[in-house]
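*Asks:* Each chain, written out:
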Amino acid sequence: MRSMVKPEYDVVVVGSGPAGSATAKACAERNLSTLVLDRSREIGTPKRCGEGLSQNSVKTLGLEMPSNCIAQEIDGAIVYAPNGKRIDIQFEGTKGYVLERKAFDKWLAGEAARAGATVMAKSEVRSLLTEAGAVKGVRANVIGDEAEIRSKVVVAADGVESLVLREAGLKSGKSLQCTDSGFQYEMAGIGMDDSRKIMLYFGNRIAPRGYVWVFPKGKDVANVGIGIGPLHNTGRTAKQYLDEWIASRPEIRKGSVIEVNAGAIPVGGFMETMTGNGVLGVGDAVNQVNPIHGGGIAESIKAGRLAAEVIKDAVGRGDVSAAGLRAYDERWWEEHGQRLKKVEKVREFFEKLSDDEMDDLADVLSGQDLTDLSHGIGLAKVMELYVKFKARGLVRKLTG
Amino acid sequence: MTVKVDEGKCIGCAGCVAICLAAALRLDGATPACDASKCINCQSCVRFCPAGALALEEK
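Protein sequences appear in the order of chains A and B. First residue of the first sequence: 1, per my numbering; consecutive thereafter. First residue of the second sequence: 401, per my numbering; consecutive thereafter.
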């Protein structure tokens with residue numbers, strides 16, 4: 001397929017997940033010649049995702065999402081405390097979706113192509129072309145043919161394990177402190193409380209630092225998954241925790257497994273520097289994920305658009321050095337990083353809670369409080385409510 | 401040291417590649433492969449692996 005790929009582009013995007021496709025689409029719309037290389041044979045597979053996305057996030061795309069991308073419309077969430085007490089969150093005026101990522105990712109890749117980018121599946125980047133400490137393109141296997149492709153900027157949208165950022169010297173491994181270990185079954189033939197609600201189950205015995213999720217993809221089909229902090233000391237894996245939870249739920253246990261997924265979920269550790277000479281990172285590669293719920297699609301899309309604006313400016317000025325791309329770091333931190341840092345603080349608060357404390361909180365928190373917390377808002381209010389709750393208990397004990 | 405992969409358990413999620421502090425792991429097709437000369441025996445990949453597919457062993 002050499003005939004489809006030119007020897008040189010303004011931008012080579014590595015990875016065609018939401019981050020890569022959003023970046024590529026926005027670059028192509030700015031008349032930058034853009035190539036997207038994705039190592040998978042089929043874009044959107046294998047998924048490493050629970051597939052939940054809010055309607056507001058879809059709006060950030062500024063596009064009408066085709067119906068085949070939606071497995072199930074969602075109108076709320078049910079959060080279960082360790083003792084089983086539930087908090088209902090009704091989505092007001094806005095819906096959510098559980099996606100079919102395979103269709104969603106292909107659709108977004110197609111949107112990038114329609115905007116003028118060239119997208120190539122089964123095209124794995126082997127290494128970076130570098131000259132005098134600057135990234136100048138990639139060496140890749142493009143559907144079986146080895147190729148050297150030069151570019152002014154290489155965008156690392158190649159996921160948690162980003163080879164591009166490593167090769168560019170922008171990062172070493174992700175820290176265990178800021179990465180959850182995820183495992184998921186897509187299951188069919190299961191029973192659910194409400195197939196229009198996403199369900200989240202908290203508790204240190206269920207999922208240390210994380211939660212079990214059930215995201216419906218139809219009446220009796222759902223992604224049943226878990227994310228846990230890998231630094232717990234029980235010696236048990238995410239899969240073992242999930243298997244144990246499923247074993248305790250007859251309505252889930254009776255079902256079948258139609259797909260198995262796993263992955264690393266960034267839950268913090270935002271990077272000060274996501275740019276180098278001729279290179280920048282977007283999406284999971286640079287931990288652009290909400291640290292409370294672990295969702296990354298919305299953040300990726302926003303960052304991708306920002307990246308394209310900065311790249312367009314830098315290419316226009318003829319300065320794609322680290323200094324020329326620095327505006328991406330600065331603007332991302334200003335527009336998104338400060339907010340996500342607050343969400344990370346909320347996550348750090350919650351991971352210190354015992355199961356008893358979580359049960360207590362379930363008595364005082366409303367669905368709206370939980371929604372606010374997932375946006376990094378209201379931690380002080382939660383602490384105040386909790387202190388009042390404990391004080392009332394103490395007063396009852398002393399006077400009772 | 402090197403990382404032994406139980407291919408029956410590995411999902412190929414590349415989480416271990418993301419976690420590896422020494423850049424010793426790399427996805428080789430569907431499963432990770434370890435460059436023993438780089439492995440620093442930190443156990444991060446073993447602790448991380450959601451599927452329990454990894455173990456360290458003497459090269």
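Just so you know, not all the hints are guaranteed correct.
[Unchecked claim] As a list, the in silico BS3-like pairs of lysine-lysine whose alpha-carbon atoms are at most 30 Å apart: (1) A:K171 with B:K459; (2) A:K171 with B:K409; (3) A:K102 with B:K459; (4) A:K102 with B:K438; (5) A:K95 with B:K459; (6) B:K404 with A:K47; (7) A:K122 with A:K152; (8) A:K352 with A:K397; (9) A:K152 with B:K404; (10) A:K171 with A:K102; (11) A:K95 with A:K171.
Hint data in this document are derived by calculation from the structure and do not stem from the laboratory.
*Asks:* Taking the hints in turn, state whether each one holds.
*Replies:* Okay, the hints, checked on the actual structure:
1. Taken as a hint, the A:K171 and B:K459 pair is honoured in the structure, with Cα atoms around 27 Å apart against an allowance of 30 Å.
2. With a C-alpha separation of about 28 Å, the suggested pair A:K171 and B:K409 falls inside the 30 Å cut-off, and the hint holds.
3. With a C-alpha separation of about 39 Å, the suggested pairing of A:K102 with B:K459 is violated against the 30 Å cut-off.
4. Proximity of A:K102 to B:K438 is assessed by CA-CA distance (about 35 Å); at most 30 Å being required, the pair is judged violated.
5. Restraint check for A:K95 and B:K459: the C-alpha separation of about 53 Å exceeds 30 Å, so the hint is violated.
6. This hinted pair checks out: B:K404 and A:K47 have alpha carbons roughly 24 Å apart, not beyond 30 Å.
7. Distance check on the hinted pair: A:K122 and A:K152 sit about 23 Å apart at the alpha-carbon level, within 30 Å; holds.
8. Between the alpha carbons of A:K352 and A:K397 the distance comes to roughly 26 Å, so the proposed pair stays at or under 30 Å and holds.
9. The suggested pairing of A:K152 with B:K404 is violated, with an alpha-carbon distance near 39 Å, which exceeds 30 Å.
10. A C-alpha spacing of about 29 Å is found between A:K171 and A:K102, which places the hinted pair at or below 30 Å, so the restraint holds.
11. Distance hint between A:K95 and A:K171 is unfulfilled; the C-alpha atoms sit about 37 Å from each other, more than 30 Å.
The earlier numbered hints that this structure contradicts are 3, 4, 5, 9 and 11.
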